[in-house]
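Same order as they appear, the protein sequences are chains E and X.
By my numbering, the letter at position 248 of the first sequence is numbered 248, and the numbering carries on one by one without gaps.
By my numbering, the letter at position 9 of the second sequence is numbered 9, and the numbering carries on one by one without gaps.
Just so you know, the hints here were simulated from the structure itself, not pulled from any lab data.
Nothing here was measured: the structure is a model prediction, and the numbers come from that model.
The beta carbon of each residue, even a glycine, is placed where N, CA and C say it ideally should be.
Possibly wrong hints are sitting among the right ones.
What the hints assert, rightly or not - Restraint-style ranges between C-beta atoms, simulated for each label pair:
id : chain 1 : residue 1 : chain 2 : residue 2 : range
1  : E       : ARG10     : X       : LEU373    : 50 to 56 Å
2  : E       : ARG115    : X       : VAL239    : 47 to 53 Å
3  : X       : MET292    : E       : SER150    : 44 to 50 Å
4  : X       : LYS145    : E       : ARG10     : 22 to 28 Å
5  : X       : TYR271    : E       : ASP176    : 33 to 39 Å
6  : X       : ALA159    : E       : ARG115    : 57 to 63 Å
7  : E       : ARG115    : X       : LEU256    : 33 to 39 Å
8  : E       : THR237    : X       : MET292    : 40 to 46 Å
9  : E       : ASN117    : X       : VAL22     : 44 to 50 Å
10 : X       : LEU256    : E       : ALA175    : 46 to 52 Å
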Amino acid sequence: MSFHPNDVARRARAATALVGGVLLFLVGAFFRTQVIRNQQWVLQSEENRLREVPLPAPRGIIYDRSGRVIAENVVGYTVSLLVQSADSLQATLDRLGGTITLTPAQVSAAMSRFRRNPARPTVILPEATFDQISVLEEHRIDFPNLIIQSSPKRFYPDSTAVAPLVGYTSEVSEADLANPKFEGYKPGQQIGKRGLEREYENVLRGREGSRFVEVDARGRVVREVGARADLEPRQGTPLYTNIDLDLQDYVASIFGDSLQGGAVAMEPRTGGVLALYSAPSWNPNRFIGGVSASYFDSLRTDPRRPLYNKAVQGQYPPGSTWKLATAVVALENNLVTMDEQMPQPCRGSYYFGNRAWKCWDPRGHGSLTLAGAIEKSCDVYFYQLGLRMGLSKLIAGGVSLGFTSKTGIDLPDENRQRFPDQLQYFNERYGPRGWTQAAAVMNMSIGQGENSQTVLSMARFYSALAENGMAPVPEIANKAPQRTQIFQLSQAQEDGLRQALMGVVQAGGTAASAQIKGVVLAGKTGTAQSGTYRNGREENHAWFAGFAPADDPKIVVVVMIEFGGHGTRAAQIASKIIGHYLHTATTSLVQTDG
Amino acid sequence: MSAPRRITLDWPLVLSALALSVFGIAVVYSAGQTDVPTFVARLYKVQIGWFVLGLCAAYGVSRASVRLIEWVTVPAYIATIVVLMLLLVIGKGAGTAASTKSWLAIGGFRLGQPAELAKITVVMMLAKVLAANKSAPRSLMELWKPALIVGVPWLLIMAQPDLGTGIVFVGIFFGMLFWSGISWQLLLLIASPVVSLVLAFSTSIWGAWFLLLLALVIWYRPYLWEGVFVVAANVVMGVIAPLLWESLKPYQQARLRVFLDPSTDPRHTGYHVIQSQVAIGSGGWFGKGYTMGTQKRLAFLPAQHTDFIFSVVGEELGFIGVTLAIALFASLFLRTVRVASRANDAYSSLVAFGLLSSWFVHVVENIGMTLNLMPVTGIPLPFFSYGGSFMFASWLAVGILARISSEGRGAQFGQFAV
Chain E
1 MSFHPNDVAR RARAATALVG GVLLFLVGAF FRTQVIRNQQ WVLQSEENRL
51 REVPLPAPRG IIYDRSGRVI AENVVGYTVS LLVQSADSLQ ATLDRLGGTI
101 TLTPAQVSAA MSRFRRNPAR PTVILPEATF DQISVLEEHR IDFPNLIIQS
151 SPKRFYPDST AVAPLVGYTS EVSEADLANP KFEGYKPGQQ IGKRGLEREY
201 ENVLRGREGS RFVEVDARGR VVREVGARAD LEPRQGTPLY TNIDLDLQDY
251 VASIFGDSLQ GGAVAMEPRT GGVLALYSAP SWNPNRFIGG VSASYFDSLR
301 TDPRRPLYNK AVQGQYPPGS TWKLATAVVA LENNLVTMDE QMPQPCRGSY
351 YFGNRAWKCW DPRGHGSLTL AGAIEKSCDV YFYQLGLRMG LSKLIAGGVS
401 LGFTSKTGID LPDENRQRFP DQLQYFNERY GPRGWTQAAA VMNMSIGQGE
451 NSQTVLSMAR FYSALAENGM APVPEIANKA PQRTQIFQLS QAQEDGLRQA
501 LMGVVQAGGT AASAQIKGVV LAGKTGTAQS GTYRNGREEN HAWFAGFAPA
551 DDPKIVVVVM IEFGGHGTRA AQIASKIIGH YLHTATTSLV QTDG
Chain X
1 MSAPRRITLD WPLVLSALAL SVFGIAVVYS AGQTDVPTFV ARLYKVQIGW
51 FVLGLCAAYG VSRASVRLIE WVTVPAYIAT IVVLMLLLVI GKGAGTAAST
101 KSWLAIGGFR LGQPAELAKI TVVMMLAKVL AANKSAPRSL MELWKPALIV
151 GVPWLLIMAQ PDLGTGIVFV GIFFGMLFWS GISWQLLLLI ASPVVSLVLA
201 FSTSIWGAWF LLLLALVIWY RPYLWEGVFV VAANVVMGVI APLLWESLKP
251 YQQARLRVFL DPSTDPRHTG YHVIQSQVAI GSGGWFGKGY TMGTQKRLAF
301 LPAQHTDFIF SVVGEELGFI GVTLAIALFA SLFLRTVRVA SRANDAYSSL
351 VAFGLLSSWF VHVVENIGMT LNLMPVTGIP LPFFSYGGSF MFASWLAVGI
401 LARISSEGRG AQFGQFAV
């Protein structure tokens, strides 16, 4: 080599410059990564090590009108797994199966939750029992990716009594997740399924919080607390309702186990729903955390259809309770007065065309005024009134009284009533020659024929009867009342109708047994043909719709008993409900005919 | 009874190496501190053992005259070649490189990696040959001996296979040629086929390089046949590059691809580089605190005690710690340049610079790799990475350098007893 000191010194300078330059470049590169781009890498490092464990928010409490609890939250436990792949989830579930019992359904539910959202801890047991928790805590060391946490669980203290009203909550379903309305829901979260829980989901749900656990590269939970500050969940807004829980319980108790049907009690002035019940009911607490297949099947196969809300969804011919609608339409059109008698007195039946149209009472009612015909519920009178009016007027009147539109109650699943909105309906249904206007109008004027109403719809109409034609929107949640004028009668006509309805429940009326001591009750029975026969006899639906006190109505009650026979049965129940609400004892029941 | 021989000790050199070793062992200790403890937790003790052994060896070597070192050069080199050939038959794999034959083992006990010592003996042998000539090589013809000296062990090591060490040999070769005073043009001509090999993956870039090379050849005017040879070698390299690519093992191909874009394979090969960058980048100015690095604690950082040990420095001690470590390396390297430039004779000078070249390649490749500035080749970081042979060999090198320094110009005898 050339070893002259000058050469060596020159090369030493070059080497120094090279070494210094390269090392400085490295320092610069580290500065760029560690100082300038620090935030980006910090974020990635946090993503690496922290896993978000959702803290479910307690749902809002549901209160009745006096602050009593309809739905609340109690402490429950959920068990989840933090896994990185479906394979490791399956493997962990297999191993868990040796420690606690897991049904194949639970395993497949867990797998589908993971597939839906792999980043969230996969819920294995949404509703773990205390025994399961203690077993799992013992084997903690074997399952380093197991997360056990307490989570609020819905509870309905009044259970079956409030079920048709409040609904229940359960894990959000695949269908809900696919629904844009529930965007932002994640698998494993709770969602309202029916009733108020569903209707007011947005109010009640609250905001989920987060807790952060630290995991290592293999997904094992290394540190449970303190990895990062928790985000506290925020409880849902409480829901204050118009429900009178005491009355609701009472209604449920009267229906008991034997009766099936629906009932609504509401304030006629505000539309505030005091009680809403459908019998037979079901136990909403058994739905929390996942309903068992056996219980759900028993409800589904029960011929009395417990899950079908008979007050909101059920459509039944309204029978004689609808005669008031016929009367209102006729009075509004000035086709009749309260004192007017029909040409033919009632002799048990009315001959029209080539057949006899029967009155419910074969003995006949003789000659009646409109008031009397309402009291006695005389079919013959209303046949003639219907014929006088004609089908077009009756249908138009029914439409403007709201019999074709939902009441707008704040419950999901309200069914639209069945009522023709124009004559064309009959042509389409029966063909232009398959029906006559006369037969249709006669049937419809007594609440039969092409007319099926919900209990709720009748409650709205009777509220309007109590409130001079002002029909409120039934409202369960406590909010500003909404009312619309659906008919307008003179004061004299109003009073006449009220008197007639009072007559119904006085001795001699069809619902004399429903009379309440000290309170004047106004109401109308109905016995509607169901089209269902048993032992050769048609099983009728029993209706009663009414309000009390008659001079200052505070409560409207509509009761419908499926296959309940004559309307008086419904009237008895309704009068008990009213009596309970107005704190008045009912009089001894007078058995009347019809 | 003769008085103990007194030599001056190159304190800056030795202190730099000592500081790096202590720093390194501290980081090896930290690398073992994971939330789920592994075997790594106790490795720092082994590393301390090798450190002490290396200190003894360094002391021993520093007592030997440079002439003695020069005298053992040829036998040591021959022994190295024999051992490396033997390794291809009886070598064992270990750790992350289980399929290679880098380890010398007797009765199942792994003694060490002879390649680490080979780096030193090759430096010594190359120094001896280059020092023998009065002037630096001026033509390719004169380079056949140096090429042979490095080439034989290089091929043996590439056959293990150990790409990382192979690269170090190339670095030693070029570094020492530079120090021998070879003209930069000739250095470039020698290097040109390798450059062609790399650039051949893009035809246009390779074409530009080829034109540049032609210009260089015309300007430098080597012997005609040399010029033809260099140009031909470049053409051949450009042509066989794709074939060579095909012959690479899939994992080797993946490493190179990942170097260009780690996100092509974020789960496997790219994972190391990405997690290393996450660890370093999240360290910030001052780091997450000694032993507190989450990437390391939670095992996101792979090979945290060996190849990626510098990522632990970055994560736990931050930019400050990184700068300190690089400053210590700079101090060691610049002191070694000084040792080389003040050495008494050509042999010592070349040995010193050869050892520097070896370290420098290690440091640049290893640290560059943690930031994805270099492809991942599994090359350790001197004084830091866990590994006995390398620690031992590094301190052996420090011993040699200390001796060369004490015999060099400006050194004063008799000041310190060592």
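Going down the list of hints, with the structure as the test:
{"no.": "1", "hint": "E:ARG10 / X:LEU373: 50 to 56 Å", "in the structure": "violated (29 Å)"}
{"no.": "2", "hint": "E:ARG115 / X:VAL239: 47 to 53 Å", "in the structure": "holds (51 Å)"}
{"no.": "3", "hint": "X:MET292 / E:SER150: 44 to 50 Å", "in the structure": "violated (31 Å)"}
{"no.": "4", "hint": "X:LYS145 / E:ARG10: 22 to 28 Å", "in the structure": "holds (25 Å)"}
{"no.": "5", "hint": "X:TYR271 / E:ASP176: 33 to 39 Å", "in the structure": "holds (37 Å)"}
{"no.": "6", "hint": "X:ALA159 / E:ARG115: 57 to 63 Å", "in the structure": "violated (48 Å)"}
{"no.": "7", "hint": "E:ARG115 / X:LEU256: 33 to 39 Å", "in the structure": "holds (36 Å)"}
{"no.": "8", "hint": "E:THR237 / X:MET292: 40 to 46 Å", "in the structure": "holds (43 Å)"}
{"no.": "9", "hint": "E:ASN117 / X:VAL22: 44 to 50 Å", "in the structure": "holds (49 Å)"}
{"no.": "10", "hint": "X:LEU256 / E:ALA175: 46 to 52 Å", "in the structure": "holds (50 Å)"}
This entry does not satisfy hints 1, 3 and 6, going by the numbered hints stated previously.
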